[in-house]
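Student: One letter stands for each residue in the lines below.
2 protein chains.
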Amino acid sequence: MRDFSQGHEWLSINTATVRRQGDLVAIFEACGRHGIRAVSPWRDQVASVGLERAIRAVKDNGLVLSGYCRGGMFPADAAHSAGMRDDNCRAVDEAKALGAPCLVLVVGGLPQFSRPGSAASKDIFAAREQVEAALADLLEYAGSLGMPLALEPLHPMYAADRSCVNTLSQALDLCDRLDPHRSGRLGVALDGYHVWWDPDVMAQIARIGRERLLAFHVCDWLVPTGDLLNDRGMMGDGVIDIPRLRAAVEAQGFGGFVEVEIFSERWWQVPLDEVLATCIERHRSVV
Amino acid sequence: MRDFSQGHEWLSINTATVRRQGDLVAIFEACGRHGIRAVSPWRDQVASVGLERAIRAVKDNGLVLSGYCRGGMFPADAAHSAGMRDDNCRAVDEAKALGAPCLVLVVGGLPQFSRPGSAASKDIFAAREQVEAALADLLEYAGSLGMPLALEPLHPMYAADRSCVNTLSQALDLCDRLDPHRSGRLGVALDGYHVWWDPDVMAQIARIGRERLLAFHVCDWLVPTGDLLNDRGMMGDGVIDIPRLRAAVEAQGFGGFVEVEIFSERWWQVPLDEVLATCIERHRSVV
Chain Z
0 MRDFSQGHEW
10 LSINTATVRR
20 QGDLVAIFEA
30 CGRHGIRAVS
40 PWRDQVASVG
50 LERAIRAVKD
60 NGLVLSGYCR
70 GGMFPADAAH
80 SAGMRDDNCR
90 AVDEAKALGA
100 PCLVLVVGGL
110 PQFSRPGSAA
120 SKDIFAAREQ
130 VEAALADLLE
140 YAGSLGMPLA
150 LEPLHPMYAA
160 DRSCVNTLSQ
170 ALDLCDRLDP
180 HRSGRLGVAL
190 DGYHVWWDPD
200 VMAQIARIGR
210 ERLLAFHVCD
220 WLVPTGDLLN
230 DRGMMGDGVI
240 DIPRLRAAVE
250 AQGFGGFVEV
260 EIFSERWWQV
270 PLDEVLATCI
280 ERHRSVV
Chain Y
0 MRDFSQGHEW
10 LSINTATVRR
20 QGDLVAIFEA
30 CGRHGIRAVS
40 PWRDQVASVG
50 LERAIRAVKD
60 NGLVLSGYCR
70 GGMFPADAAH
80 SAGMRDDNCR
90 AVDEAKALGA
100 PCLVLVVGGL
110 PQFSRPGSAA
120 SKDIFAAREQ
130 VEAALADLLE
140 YAGSLGMPLA
150 LEPLHPMYAA
160 DRSCVNTLSQ
170 ALDLCDRLDP
180 HRSGRLGVAL
190 DGYHVWWDPD
200 VMAQIARIGR
210 ERLLAFHVCD
220 WLVPTGDLLN
230 DRGMMGDGVI
240 DIPRLRAAVE
250 AQGFGGFVEV
260 EIFSERWWQV
270 PLDEVLATCI
280 ERHRSVV
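Each protein sequence line maps, in turn, to chains Z and Y. Just so we're aligned: 94 in numbering that gives the first Met the number 0 is position 95 of the first sequence, and the numbers increase by one with no gaps anywhere. Just so we're aligned: 16 in numbering that gives the first Met the number 0 is position 17 of the second sequence, and the numbers increase by one with no gaps anywhere.
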C-alpha cells in the first residue's frame, strides 16, 4: 500500500464536498493553492460557471480530473426516456470536453424518483432491468467517444430514490454481462461509504481487477448519522476502517487518486481553505 | 398466498409500534378489543409492567405471542461479555415464561455501540466473529429450554450500531454453520423493511426453508426517510412491494402471523385505537 503520510499527491477533491463555499472556479483555485492535483466536479457546478470556463479553470490551476459526476438516473417511464438518454449523452460529452478519465454513474432508483414526473412504481426488479438496458445503450455512445463509464454502487438506504445498484457484487455482475471481455469501457467507482458494511466486500474487491477499478472515494460513516444524505463524515471521524479498504483496492493494482467526497451540512459551513486543509491532514493520517 | 382481504386473523402487533401510547397492559387490552390475536412484546415494555403481570395480560386478552423482542447485542469487550451473556440468558427465560415461539435476535454492531462502555473498535469483521461465537454459546442455553432463536438481519444502515448481520444471505450462512441439520432451534426473523432492497432477496427467501422461517415482519420504506431509526412507514405508504415478499415467504410454507413493527415518531403521536384500526385496514388491503 502506498505511503500517504508524507504528502498528498494522490488526493483528489470531489467538488460536492465544498459546493456551498464557492463556485467551481473558486474551488479549483483553492485546490491549486493547497497543492491538490486532482478534482472531480459535478455537472450542476460546471453548468453554473459554464463548460468553457470550467475547462479553462482546470488548466489554469494545473489540475486533472479523477472523474466526472455524474450520469445515470436511468429508470424512466416512456415519456421521460428520450430525455434521460439525451441527458446522459450530454454528460458523456461534458466528461470528454473536461478530460475526465471516466463518467461516474449513479444509476437511479424507482422511475418516479430517478426521473421526476415518471409514473410511480414499486417494482425495483423492473427498475434494475431498465438500468441494464439503458446502460447498455449508453455504453455504445460512450465507447464511441472513448469515455469509460464507472458504475457506483450506492448504500442500500438509497435503493428507492438514487440507486437500485446497491452492492459491489451487483455492479460487477452488470460489468460481466455488458462488458465480458473487460475492455476498460465499463467499470466501477468504489466509495467506502457505500460498501464498508457489506460482509462480502473484501471478496468482491478482489474480484474487480485493475481495468475495472476506475475510481476510489472516501469519507466516513458517523454514529449517529443524522441525515440519510447529508451527514457523511470527514475521514477519521467515523467507524470505517479506511486503510483496510484502501489496502484491498491497491492490492488490485489501483494506483490512482483517492477522492474525498463528503456531503455534510456540517462541513459545508466550514471555510473552504479549512476544509481542504483538513482533507489533506486526514489523507495523510487516516486514509 | 393466503387471502387477507376478509379478516385479520393472521395479524400480529409488535408492541414497539404503539409504545408511546400506553403500557403493555393497555396495548394488550386494545389488541383484544380489536380482535387481534397475536402480539410481539419488547423486553423494556415487559419490565416496566413486570413479567408476571405481562403473562397474565397475555392470557386475559386471549393473545398469543408471535415472538419476543429481543436478545442479542453480542459484541462486547472482555469487561462486558459476562454481563452480555447473562442478559441474553434472561431474555431466553422471559421468552419461555411468556410462551413466545421464538426469541428475536438483533445481533449488535461494533462493541462500543452494542454494549456501551466497551472499548471502541472499527473492526466489523471482528464484531461478526464475536456474534458467531456468542450466538453458538446462547444456542446451547436456548436449546436446553426449547426456545428457538430468530436471527433478524437488519438494514445495512444499522451495521455500525445495531447489527453487523445485514443480509438474509449472511444470516442463513450463520444458520448453516451453527445448525447444519436444521433442528428448528435457529432460524430467521424476516422483516421486509430490512431486506426489500437486496438484489438477492428472492433467491435467499427461497433458500430459507419452512423450519427456519420463524417470524415475518412488515412496515414500509418512506421516501424521503427523515430519520434512520424512527421514520418507518405504515404498510402502503412507502415503496415496498409487500405482497411480493409475502408471496415468496408463504411459498416456503410459512403460515404464521404477519407482524407489524413500525418505529415512527409520526405514528407514536396517533391514538392507540386509530393505529390498530389502520394496521387492520392495511393488513387487509396492501399486505
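Be aware that a few hints might be false.
Claimed, not checked - Coverage of chain Y stretches by chain Z, computed from C-beta distances (three or more under 8 angstroms per stretch; other residues unrestricted):
hint	segment
1	122-133
2	148-156
3	189-201
4	217-227
To be clear, the hints were calculated from the coordinates, so they are not data collected in a lab. The beta carbon of each residue, even a glycine, is placed where N, CA and C say it ideally should be.
Student: If a hint holds in the structure, say so; if it does not, say that too.
Tutor: Hints versus structure:
Remark: the segment 122-133 of chain Y is confirmed as covered by chain Z, as 3 of its residues place a Cβ nearer than 8 angstroms to a Cβ of that chain, reaching the required three. As drawn, the segment 148-156 of chain Y meets chain Z at 3 residues by the rule of a beta-carbon pair under 8 angstroms; at three or more, the given contact holds. Taking a C-beta to C-beta cut-off of 8 angstroms, the segment 189-201 of chain Y contributes 4 residues in contact with chain Z, enough for the three needed, and the coverage statement holds. Check result for the segment 217-227 of chain Y against chain Z: holds, 5 residues qualifying (beta carbon to beta carbon below 8 angstroms, three or more required).
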